[in-house]
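Given next are the chains, with one letter for each unit.
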Amino acid sequence: MAGFGVEEKMSIIEINSLDKSFGGLSAVLNVNFFLEQNELVGLIGPNGAGKTTVFNLITGVYKPDQGSIIFNGQNITGMAPHAICARGIARTFQNIRLFNDLSVLDNVKIAAHKNVPYNFFSAIFRTPGFFKGEEIIEKEAMKYLEIFKLDDKKDELAKNMPYGEQRRLEIARAMATKPTMLILDEPAAGMNPQETNELMNLIAQIRREFKLSILLIEHDMSLVMGVCERIYVLDYGQIIAEGKPEDIRRNKRVVEAYLGEEGE
Amino acid sequence: MQILKNKFIRFCADVLILAALFTLVQYFITTGLLNQYYQINLASMCINIILSVSLSLINGFTGQLSLGHAGFMAVGAYASVILTQMLGQPFIAGIFAACLAAGVCGFIIGVPTLRLKGDYLAIATLAFGEIIRVTLQNIDYVNGPAGVLGITKLTTWPWLFAAAVITTLVVVNLINSSYGRAIISVREDEVASELMGINTTKYKVIAFVIGAMFAGLAGAMYAHFFYIIKPETFNFLKSFDILVMVVLGGLGSTSGAIIAAIFITALTAALQSFPAIRMILYALILIIVMIYRPQGLMGNKELSRQTFGRIWSGRKNEHNRN
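So the sequences go chain by chain: Z and H.
Heads up: the first sequence begins at 844 in my numbering, then just goes up one per residue.
Heads up: the second sequence begins at 55 in my numbering, then just goes up one per residue.
Certain hints may be false.
[Said to hold, decoys possible] Here are the simulated EDC-like pairs of lysine to aspartate or glutamate, each with C-alpha atoms no more than 16 Å apart in a straight line:
hint, chain 1, residue 1, chain 2, residue 2
1, H, LYS355, Z, GLU978
2, H, LYS61, Z, GLU978
3, H, LYS355, Z, GLU999
[To be verified] To be clear about the criterion: a stretch of chain Z counts as covered by chain H if any three or more of its residues have a C-beta under 8 Å from a C-beta of chain H, and this derived list gives those stretches:
hint, segment
4, 874-887
5, 892-898
6, 912-925
7, 948-962
8, 1041-1055
Treat the hints as calculated values from the structure; they're not laboratory data.
Even for Gly, the Cβ is constructed at its ideal location relative to N, Cα and C.
Assemble the whole structure, with the sequences as input and the hints as a guide.
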């Protein structure tokens, strides 16, 4: 309702009545939500509620049966994942999907490929532009590794890194695609409380520094309640609640979804 | 600037080494130290290097199991022969035609089949190779199953050497660039690669087309060295031969592909004097290598200046200790 003197923030992503079913089973049903610019929003729900499916629909891994996804005023419904990434959405994965046999540095460099500063033929003929371009890519990649404190491990193979560092590398890799919106699928899974804490500080830092909007799935309730400004709760593919963390904590339907209905 | 300078010095060193190798072999050929028998094996070696390096781009780096490489070789061989023998064009035109025809075929085959994965892609490319072979058998213009005989021998050592070096250079330069990293990321995890903004289909097709083009080049070299081409030469067993070289060398290693191509060509030549047990020995050697080096001779490592540097400094250290 712009024009009525109410200052309204621009929403970066709008998801309208999204449907997706797999062979008769509705995984996501009439899901609507939005994210405002620079907002940190959590998506929670019991196991199998369809959270990761929503992520896969936004990033183009699955095509929605119905509904639309508007990102930055552009309809990105049904686009290929790489095209969606090119428009500024990057993500991490619930079960880490790094390029295992490649070095930490190469993992990040691959994500920077979408802005490659030289063309195919200067690569094959090794023109001066190629060497200059490679230097730029390397500098960029190192910048992200430094933010995530992985710069001293740049030559290690991704598969040889400890779990917590692999999680961090995934976020660093996602950041190297220069997104405006970051989608994190259980970024703290398998981390100890201290690691989780550090990760949360990092997420807050990159959000400030790069003016990111972040959507995250997380099972660690203390974490979600601590950092998210707004939370959506998903159960059986439908949004059952939306609001500030303190409202969600007191919401009867949410408690039911997690703990089951109260007995008579 | 200093980095560029160092690169230039290294580049000059590479050129010198290659020039020395070329001149040495050329000297052996002109003085007759390398007789006909060795020359044939040398040509096979170069052709096999082109084939295995180009297939390693598809199978080893992009991770797409293709079993149709001999098909592209056939397209190149026939395209070049049609130009040089039937249309009377120079060899260089034949070579370009071979690369172009094989590349176009690679594109036509690649676009629909590269959305298939693993075994399915293997079967599709295998079928493609057979389609090429059977088609050639039924084209009277190129004498059907009898093939083309009496092709002028135009492939000489300079051509072979240049073809092998150019193939290797293009593949190595491509792989060690941002485009190469994009290609390797497809092998590592296609879904993650796509979500990191890489158009995986595009890069699979690029790798496939480049691989096919060089297979076409190998076909042109082959046709103008061995006087005769017939569709039967390019059956699926030939594709398997090339695949064996790539796997033996190590998936994802160009130097491995080259070493394996040399090794297998030499092995085949050496076993020629035992025709009865040749295939058994050949198979046994492959089995033994695969048991003790399942990742191939080189794994995904490269033989590079650094490797030699390490060996060299290791020696020096040993020497100092003594």
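Quick rundown of the hints versus the structure:
| no. | hint | in the structure |
| --- | --- | --- |
| 1 | H:LYS355 to Z:GLU978 | violated (23 Å) |
| 2 | H:LYS61 to Z:GLU978 | holds (14 Å) |
| 3 | H:LYS355 to Z:GLU999 | holds (14 Å) |
| 4 | 874-887 | violated (count 0) |
| 5 | 892-898 | violated (count 0) |
| 6 | 912-925 | holds (count 3) |
| 7 | 948-962 | holds (count 9) |
| 8 | 1041-1055 | violated (count 0) |
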